[in-house]
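Generate coordinates for the entire structure from the input sequences, incorporating the hints supplied.
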Amino acid sequence: EVQLVESGGGLVKPGGSLRLSCAASGFTFSDYTMNWVRQAPGKGLEWVSSISSTGSYIYSADSVKGRFTISRDNAKNSLYLQMDSLRAEDTAVYYCARDAWADYWGQGTLVTVSS
Amino acid sequence: DIQMTQSPSSVSASVGDRVTITCRASQGITNYLAWFQQKPGKAPKSLIYAASSLQSGVPSKFSGSGSGTDFTLTISSLQPEDFATYYCQQYNSYPRTFGQGTKVEIK
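Going down the list, the sequences are from chains D and A.
Here the first sequence is numbered in this note's numbering, starting from 7 and rising by one per residue.
Here the second sequence is numbered in this note's numbering, starting from 2 and rising by one per residue.
Errors might be hidden in some of the hints.
To be verified - Just so you have them, the derived chain A footprint on chain D, three or more residues with Cβ under 8 Å:
1. 51-64
2. 105-114
To be verified - Here are some chain D residues the structure puts well away from chain A; computed CB gaps all over 10 Å:
3. P20
4. N41
5. V43
6. S84
Just so you know, the hints here were simulated from the structure itself, not pulled from any lab data.
Cβ atoms here follow ideal geometry from the backbone N, Cα and C, with glycine treated the same way.
Take a look at the structure:
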């Protein structure tokens, strides 16, 4: 069974940093592109960043470029999102999702940026 | 960036109704289109990929069609568990973009 479990969310002050993790199981992690998608309270879905199976290709939304860094460790079956210079508008539930068409999603982890 | 526009934004329907949601891309995306269902407080769930391919385990009352710029998601015979918000997403190019969502409500 495919499972994606996010962790690392919490309350952080504006300008602060947070590192999200996504633990994958039930499939060959190193075969798949992985994604981060977020959802602000009461809002729609927003794609954040994607990383290719080997980590060679990385794409990020303009809204997070230069502040967020996606990475992966295929030996640990884990996906990461390093979030720096956080802003109030980054407050959202962050989901990891598998493959180009996001066929499986984790349960999400809430990031709240507030003073 | 490719803009995805869903219509309607919300629809009120009764159990047993047939519901169709439209998603339009601002430029051609061949068939690189996915549909998701999201219930309150839950993660999105994949329904359709490649515009018309049913995700494993998804009931056949859900169907997708279209190519190029115009796509539809149809739910035949709406059931209580189908009341949710539905999103389309293009994965033809980066940045990936989602439609704004269509909320299917009980009439």
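Exercise for review: Say whether it holds or is violated: D/N41 keeps its Cβ farther than 10 Å from all Cβ of chain A.
Suggested key: 7 Å, violated
**Study point:** Verdict on chain A covering the stretch 105-114 of chain D, criterion of 3 CB contacts below 8 Å
**Key:** With 9 residues closer than 8 Å to chain A, the stretch 105-114 of chain D meets the three-residue bar; holds.
Point to revise | Check on D/P20 being off the interface with chain A, judged by Cβ distance over 10 Å | key: 24 Å, holds
**Study point:** Distal placement of D/V43 relative to chain A, Cβ over 10 Å
**Key:** 8 Å, violated
Point to revise | Assertion that D/S84 lies outside the chain A interface [Cβ separation over 10 Å] | key: Non-interface label on D/S84 holds, nearest chain A Cβ at 18 Å vs cutoff 10 Å.
Point to revise | Outcome, coverage of the stretch 51-64 of chain D by chain A - at least 3 residues whose beta-carbon is closer than 8 Å to one in that chain | key: Contact hint for the stretch 51-64 of chain D vs chain A: holds, 4 residues under 8 Å.
Checked against the numbered hints listed earlier, the structure breaks hints 4, 5; every other hint is satisfied.
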